[in-house]
Structure formats: structure tokens, C-alpha cells
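Chains as they are written, first to last, in our numbering: chain X, 363 to 426; chain C, 4 to 1078.
Everything labelled a hint here was simulated from the structure, so no lab data went into it. A couple of the hints might just be wrong.
Cβ pair distances, simulated, as ranges [unchecked claim]:
hint	chain 1	residue 1	chain 2	residue 2	range
1	X	V408	C	D261	48 to 56 Å
2	X	A365	C	P554	37 to 45 Å
3	C	E574	X	V408	43 to 51 Å
4	C	E219	X	G393	45 to 53 Å
5	C	E574	X	A365	55 to 63 Å
6	C	G860	X	A365	30 to 38 Å
7	C	E494	X	G393	53 to 61 Å
8	C	R347	X	V408	47 to 55 Å
Beta carbons are placed, not taken as given, at the ideal position from N, Cα and C, and that holds for glycine.
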Amino acid sequence: MSAYKVVLNDEEQYSIWPLLRDNPPGWRDEGTRGTREECLDRIEAVWTDMRPLGVRRRASALVA
Amino acid sequence: MNHRTLAQERVGPPGPPAIPAAPVVVETSPLTVLQTGMVFHQELDPHGLPYHHVHSHLVRAPLDTALLHRAVQDVTRRHPVLRTRFDLVDHEEPLQLVHEDVELPLSCEDLRGVTGDKQLKVLRELAEAERVRPFDVTCPPLVRLFAHRLTDDTFRLTQTDHHALLDGPSRTLFRTEVVDRYRRLLDDPGTPEDPAPTTAFREFVALERRTAVSEEVQRFWADALAGCEPCTLPHRPDERATAPHGTVECEIPGETADRLRTLADRLQVPLRSVLLAAHAKAVGLATGRHDIVTGVVSDGRLEGAAGAGALGMHLNVTPLRVDLTGSGWGELVRQVHDTDAAARPYRRYPLAVVQWDVDDGELFDHVVDFADADPDLALRVAPTSRTLSTTFLHTADGGLRLRLDHTTSRLGQDRAEDIRDAYLKVLAALPDAEERHEHLCPLTESAYHLMLKEWNGPARPYPVDRCVHELFEEQVRRVPDALAVTDGTVELSYAELNRRANRIARRLRQQGAGPESVVAVLAGRGTELVVLLLAVLKSGAAYLPLEPQYPAERLRYLLEDSGARLVLAQERFTARVPEGPWTVWETATLAEESAGLPDTDLGRTSAPDNLMYVIYTSGSTGKPKGVLVPHFGVVNYLGWCGEGYAARGSGGAPVFSSIAFDMIVPNLYTPLVTGERLCMLDDSLDSVALADRLDELAPFTFIKMTPGHLDLLDQLLPPERARRLATTLAVGADTFPTRILDSWRRKDTDSVILNEYGPTEASVGNTVHIVDGPVTTEQVPIGRAIPNTTMYVLDHALNPVPLGVSGELYIGGDCVVRGYAGRARLTADRFVPDPFSEVPGARMYRTGDLGRWLPGGSLEFLGRDDDQLKVNGYRVELGEIEAALVAHPAVKQSVAAVIGKDRKTPRLVGYYIADEEIPERDLLAHLAERLPAYMLPGIMTRIDTLPLNANGKVDRKALPTPRALTEAAYDDRAVPRGERERTIAAVWQDLLYVEQVWRTDDFTALGGNSLLAVQLVFRLRFQGLEVSLADVLRPLPLADLAAAATPIRPGGAADEPAGPDNSDSYDGFDRDGMR
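Start from the sequences, fold in the hints, and give me the full structure.
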């Protein structure tokens, strides 16, 4: 069973990446490691707003 | 070749070897499975290449022809195999017979008087002649020898031998024995003969036979290969190759060899295991597979001293299955070692028997072997039946060499060299036992650059700061009075279209529409639809296009899942919108309410990274998934459309496909962002009427359509109309059979034809192939990436695979969309970090489509690795149909499948398990409430059990023919009666692949569509029966259709034989007569 980790980019878009492989530029570890399923479960739980960060910031600036 | 000056002497019998008048047969035995294969291969294909080897060696000794002849005959007397012939016809089974007395032919020639170059030429010509000179397997001996004196102290000994007699070690043994015996005779002509070896080849034959029937052995291999898919190398032939076989050989660097040995010592395995692991990995790289099976040449000769000296064909090839997923090199070596060792006791199980159950007859087409390098080997002709035969050679000084023999009709020299480089890369990396082997990139640096950079879409500026509706507004300013849209009833100029859209957009904003909100649109394909879509975009919101024909259940699901709060519906559709937490706004009311609002542009309401639309595609888990598409990817795509589709010609584009799919995007928006005309074609048009309307409105700048559309237009339009239809025909949304292209090209060589590929998840279109010459592949290639787009063909570990190797298509660049609405898990799984991009944080979309690079940098689409398929250009997940089917209370289990994939029109069919037969109509009605029409299977068949394959998955290939099992449900009254009904039924059966057609069936319920209906009409006309297309599609039941049909020549169908398969017989038929 291959091991994965949860990663996210600067727009706070989540994905999974092989545990033992270096992150591509612009991606950082979220902290969760495990099987593919475990990592995807984690993402399902934490990634509740799928709008990129830039879109979210603009929306809240409008509201404020 | 001038031989006359050369001294020539001949020893042994002149001419072909003669069989003694009454040969004494001293021994008989059956053949091994491998021998049988080799001998019959040659008998069945007498003009094929002989199955024999030619080897030529340097012997450092003076040549005494008489003594060499004696040495040869002495050795021949010791070994029964050298005196063996095959008898294929005179006995109950083929036999090999050993003659008591056979003289091996030996020709000697003196080449001392000629230059080295000339000597070489003579020997090369001999080898070439020998290569093609067959043996008669019924006449012993099946070995020929030649000696060429080169100097006073050296000669060349060349042997040609039938492969069914001698394996590699035996061949070497034979030559060594001849040379040894010769040297001893040279020393002392009185040296006594050696005693004959104690084992005969027949003992090996008996052992093989016992193995083949051993239950234990059979079980071992059945377990070892359970669920194993055939693993063959992608063919990349060398058309210019002059020889059928080629060889690539190289040294494995000394340092690498040393490190490999050190690793073997450290892991306490023989070097063989390390090299086998390297081979397995190299096969993985060359095939793009991670569960590989390859062949290991094994020596089955009897154990111990008895077997060691025996000559014969003792080889077998044993499968070696290796799991290449996620491990370090050391673990891989260990896995391979254990697998190889476990198979050793079972190595005599004949490969041919292993492969009996394999569909295509071949489990693998690559083998690996080990041998000692022979420094005296001067020339070698070694036919291989495999695509690739790898040999690791041990040299006398402890070095290692790698030899790849390849069949040039399947693997050219270039590719063999690529594979050699992959081996060297693997061998160099492997000693780092802790490193994970899956991270090894199989590409050379230059191939990497070519595929990842050069062949990818160029970076090209496009209006990154614009939304799609803003591009439209630019055209309004540029050509305000030009015709923007027409639907045959209402025509709007750019300025008027813009004013209407602006007013409605303002009204929508008052109601809360804005960036990131979703507004559903339910309208027929007319001018108003264009106004509504632009209004939604101008409000800053994204639209959810709803197909008016969807069942209510599906509309409810789409509205709920997308989170739409506003539904803009034309009056005729408002009743179809289910109740829910959304406001339904009748479009006429909306227009009235917005009448007084300002009609100027609204200014910036959304940004390019805001959503433009949400389009639902079929979901494998049973529910459709909403693809969230922002503006920027579509803006880039439309930039390409302007350049690739709309740069030449005029007339704009027609819109005739469903608004619920992104196939509509190029036809809908390209005219609007280039100031051209948009023609909206009503959704009530059937395919034939559609062809007429397109013809009336032609010419167009371009038309984007499915291959099915092109096929239909090809059947309906005569050449002059086909030619003037459009400057550019862009085909996409489905695989494009070259047959359709060729057929169209026969009548129209003027239009530019493009094949486009792209999923909704990557903003409509990503690659394009511009047809610029004959296409040799079965499907038109999908070409190369459009600007600002990258295409990758990757293996399971995200490594790019080599040219020609099948892998999964990934798409990177600005086209990659946001994800799936409300599905974080699925989004994270399909949209992954793009390790090849120079843009930090970039993602790529994993398509699930298979493809490969073709030489020259075009991509070929190779289908899916899952259950998704295309029906008339629509994406369909079989899982979604199965989920809808099993929702029926009486259905316990369900399978959906496609039949006729290899034929013109594949069709969906359903199977179910239930306690009793459910009337087909009930099931179809149940599905029609849940699925859109294009997803409905035509026929339902009840089955007792689900056929499963070795992996426990449903084996769709093993499903029965539709209706083959349901005859009991119908009585005789349903069987078609009379010539007419039977004629029609026969054509239906053929077009719809139905086992049985009943007189109560109608064409569309059985899965017939308009394209098939057109074919039906033509075919029946060919058989003297005229039916109306309208009646077929109405649809009339078969009995009524037959009653309504009219004979078109005296006698009519009654005189015609019913139902021959003449599916293409209307080619060249008067298609115009239809109109």
C-alpha cells in the first residue's frame, strides 16, 4: 500500500501526493499522512469551501 | 562472388545429405511442446523464416579437413539429437526418430589467399545464405557445418542448426565438443572416442509430459498468474529495416557491475536475482505497466551429472510476475528472487500450456536469459519469435554485457536503443537499495525535453484579465450593428443583444445574483437562451444549463447539488421545475420586469477566476458530478478557437447540441467573441432535419460536432453541399474513426478538418489534430496541446512514459478547472499537483483516459481504463446506470454494458438479477424517470448470476447476448410474420445487435437512434422496401411499420432474400434520393 500525504497550495486547494516524493514548488504539507483513502478522508473533512483563497478574500472584502 | 580462384575442397557426402536406403531407427520419442511449436510453425509457414540459428566461431588451430570431419562424426555418434529427424504424419502423434548412422555435412574452404575484408564478405554471404536455407525436418541431420581456413593457424567454424534440436547451452556444448575432439585428434590421431552420455533426450520429453499433467504444477501456475493481464510491448516497427531481427549490445559499465554484485552479496541473493529485478523494472518502464509478467528462459535439463552433458532442446520459458508498485530497489530484488526461486520446481511446465487461456494467445512478448559471453563468436544469426529477447552476458573477466535481440517488424532499432538506455538507467540506479524505484523517470533527457516541453502547448499571451462576457462586449463596441444571433424567428444585432442582456443582468443582481452564485437556465435553443446566458454572466454569476428533456428527478438533483437559488425558465418549461429552495422565474416575466432598467454595460461584476458555468457529467458512483468552470480557462480556449476554428471563412457557427454539455461552448461563444453570426437551431430537429437546416444556413466559418454528426452529414449531403458546409469542421467529444474521415474526404477535400480532445474538467478542449494528410491509425489522433496547455502521458507513479507507451493522460495549464461542486474528496483525487509546471502551486487533471505519444509529437487516444464511455459524444458512467437500475424495488443487482464497441454504433444494454422477470417496459420507464435519454439502455436482460473475472470484477465480456435468455417471456404471437416483417426484423437485428426482435418492438426502444434509422431506411430501400423515417422514429412497432411500408419495385420485399448482412451496401447508393 502506497503512502500519501495531504498537501495544499497558496490558493488553499488541497490534494494528495506520494509521501516519499518531494512536493512540487508551491505545495506544502498539511500534516496528514496515511493511505490514499485516509488522506482523501481528511481533505473531505477540512476542505469545506472550494473557492480559491483569492476568490474568497475578494468576496469577504466586498462584504466588509 | 568470385570463388573460382579459391581452393575449394569438400569433405563428406556431396550435395544435400542423402538418407540411407533403409535407415536404422534406434530410438523414438514424442516431441516436447516447444519442439512441436517450432516444427509446426515452420511446416505451416514454409515461406517464413526458418527456425534455425547460424553461429560462426574463430578456432585458433590449423585446419586439417580430414581430422575435423572425423571429429564431427565422432561427436555425432555420441549424441542422438544430432541424428534426429521429425516425422509429423506417419504416426498417431508427431515423433522424433533417431537414426543409427548419420553423417553431418561439413564444407571446407580455403580463404588464405584473400584479404581480410574479402574473407569477411565471404563469411557474411554464407551466413546470409544459411539464414534463409531451410532444413527438411524429415531428413537428418538438422545441423550443417562449414570451415573456412583464414590463416595457417586459424579457421572459422560455422554451424547452422535447427532450433528444435539444440538450445543455447547445447549449441555451445556441441561446438566445444567438436573443437576439443579435433584438438585431441590433432595431437594424437589415435585418441579413443569418448563414451556416450547416459541420458537421452527422450527422458527429458517424458519429464516434460509428466509436468504438463501434474495437478500440483497446474495449480501453482494458476495461482501465480491469477488475474494477470497480458503484458506486451507497444509495437513500434521499423519500416525501413532490412533484416527481420536486430541486435543491440552494450557493456554494462564496470563500476555498475561491481555495485550490482555488492548488492547481491549484501542481500544474499545470486546476481541473477538482481539482474532479473532490473529486467522486470525495464519491462515496466517499456510497457508503462506496474503489474508485469515477463518470460525467463529456463533450462529444464535433468539435474546432476546425467543432464549436464546431454544435448537437446531443454529450454522452457517460465512466466515471472512482478508487482512494481511502491517499494525500494532492495525489496524489488527480494520479491523477484523469491518469485523466481518459488517457480524453479515448476519450470518445466510448458509455456504454450500456460498461454492456452490467454485471449490473444500471448501473455508476454519479451524474455530474459543469461549466458556466457563468447569472445570467439564472430557472427550470430539468432531468430527470436519475441518482440524483445534480453540476454545478460557474463564475460570471462568478470564483466557484464547486455544484449537485446528484437524483431524489427514490431520493435525498430531506435526503440530497442531507447530500451537499452532504460536498462542502463535501471542498472545504475538499482544498487541504491533503499531508494524507491517508482521514482525513476524512464525518459532520457532529450526525450523528456521533447515530450514535456517541445510537444506541449506554446505559452501564448491571451486576455488573462478578461471574462468571457467582457470579450463579447468588446465586439459590441467593434461591430454594434452586425448580426449577432438568429434562430430563424428572432434576429438580434450585437448592440441589441447586449442591451437586452444588460437589462436582465441588472434585474438578476437585484435578486442577489453575483460572483460565485449559480443561476439555472432552462430554455430551448433560441435567441432568448443566448440573452439569458450572457445576462447571467454579466450579473457576475455562473450559469447551470439545464436540458429541458431531463426527467424531473434529475432536474431536482442538479438544482440541489449545484446550490442554485434562481431558475430562469421559459414558460413552456416552468411546470417541469420541481419544488425546492429556489425561485423559479419565468423568462417573459423577467424580461418585463427588467424593461425599465438601464441597458449599458454593468462594468466589472466578476473576475476571470470566478465561476462561469457548472456542467454536470456522469458520475461513476451513481450520481452526476458538477464541474466548476471558471472564466479564464474558457477565455484561453476561445482564444484558440478564434485562431484555429474561426481565422478563415465567414458565416459564424450553428448551435445544435444540448446546452447541458460543454460541446456547445465553441459554437456558442466563438462567434460572439469574434463578431460573427450565431445560428441557434431548434432542439426539436431530428438529425435529418438538422442536416437540412445546416445545409440551408451554410456556409459557416466552422462547425464543432461529434464524429457521429459528421457520419450522419456524410450520409445525407451530396459532395457539393458537403464542400460548402463550413470552412472548418471541428470534430470532438468522442473517438473519431478514420473511416468517417476518409468517407467525408472522398467528397470534400477542401474543408479544414480538425480532431479535438478535451474533458469538461479542462475547459472544453485541450488538444487538436489538424488533418493534413492520410491518417494511418484506426482513429484520428487527438494531436497536440493548444496554447497554454500541457499534456502528459504518465504511469501510475506519475512518471512520463516513453514514446509509444500507453499511459494515463493528464492535463495541466490554465485550462484546469476549480473542481467538482461539493466534492472535496473527488476533487483532490482527480486534480493533483503538477510536478512539471513552472507555475508554483499548479494542478493537473487526471483524466482517466489512456493515450500515447506517436512519433512526431501527436497524441493517440486509447480509450478508458475504467467503465466510462462515450455515447453519441456524451460521457456515460456505467455505474450511474447501474445505480439507477438497482433503485428499482425488484432489482437485486444490475450491470450496464456496451455492445458493438467494435462496430459502427455501440449501444447500451442493461442486465439485472431479480427473483422473476420484470417487464422490460416497466424497467425502461423506471430508468426514464431518473436518467437522461442518452443514458438509457435499449434492452433489459435478466441474468441469474453476475459473471466475474479472476479479479472479482464484473466481466462484461461474459454477459449473454441481449435477449438471448428472455425468449420464454414471449410467445409465438410476438414472432415477426410474413416476408416484410421478417425483412425489417433482420435489419433491426443486425443494426441493433439484438438476438431476437418481436413484432411489438419499436426501433427506438431497442436503442435505435436517428443515425441508425437513416441506415435502416437506406438498407430497406436496397431490399426493395420503402419505409418513412418519421414512422421509424415516431416510433411505430415493427408490425405497424411493416404494414405502412411500400414496395418500391414490382414484387418488392417478397421477392428479395431477407436480411443478408449488407451493412455497407448503400455506399455509392443514391443518397440524394432521400431528400
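A quick look at each hint next to the structure:
1. X:V408 <-> C:D261: 48 to 56 Å: holds, 50 Å
2. X:A365 <-> C:P554: 37 to 45 Å: Taking Cβ atoms as reference, A365 of chain X and P554 of chain C lie about 44 Å apart, which means the hint holds.
3. C:E574 <-> X:V408: 43 to 51 Å: holds, 45 Å
4. C:E219 <-> X:G393: 45 to 53 Å: holds, 51 Å
5. C:E574 <-> X:A365: 55 to 63 Å: Since the Cβ atoms of E574 of chain C and A365 of chain X sit about 58 Å apart, the hinted range of 55 to 63 Å holds.
6. C:G860 <-> X:A365: 30 to 38 Å: holds, 35 Å
7. C:E494 <-> X:G393: 53 to 61 Å: holds, 60 Å
8. C:R347 <-> X:V408: 47 to 55 Å: Taking Cβ atoms as reference, R347 of chain C and V408 of chain X lie about 51 Å apart, which means the hint holds.
In this structure, every one of the numbered hints holds.
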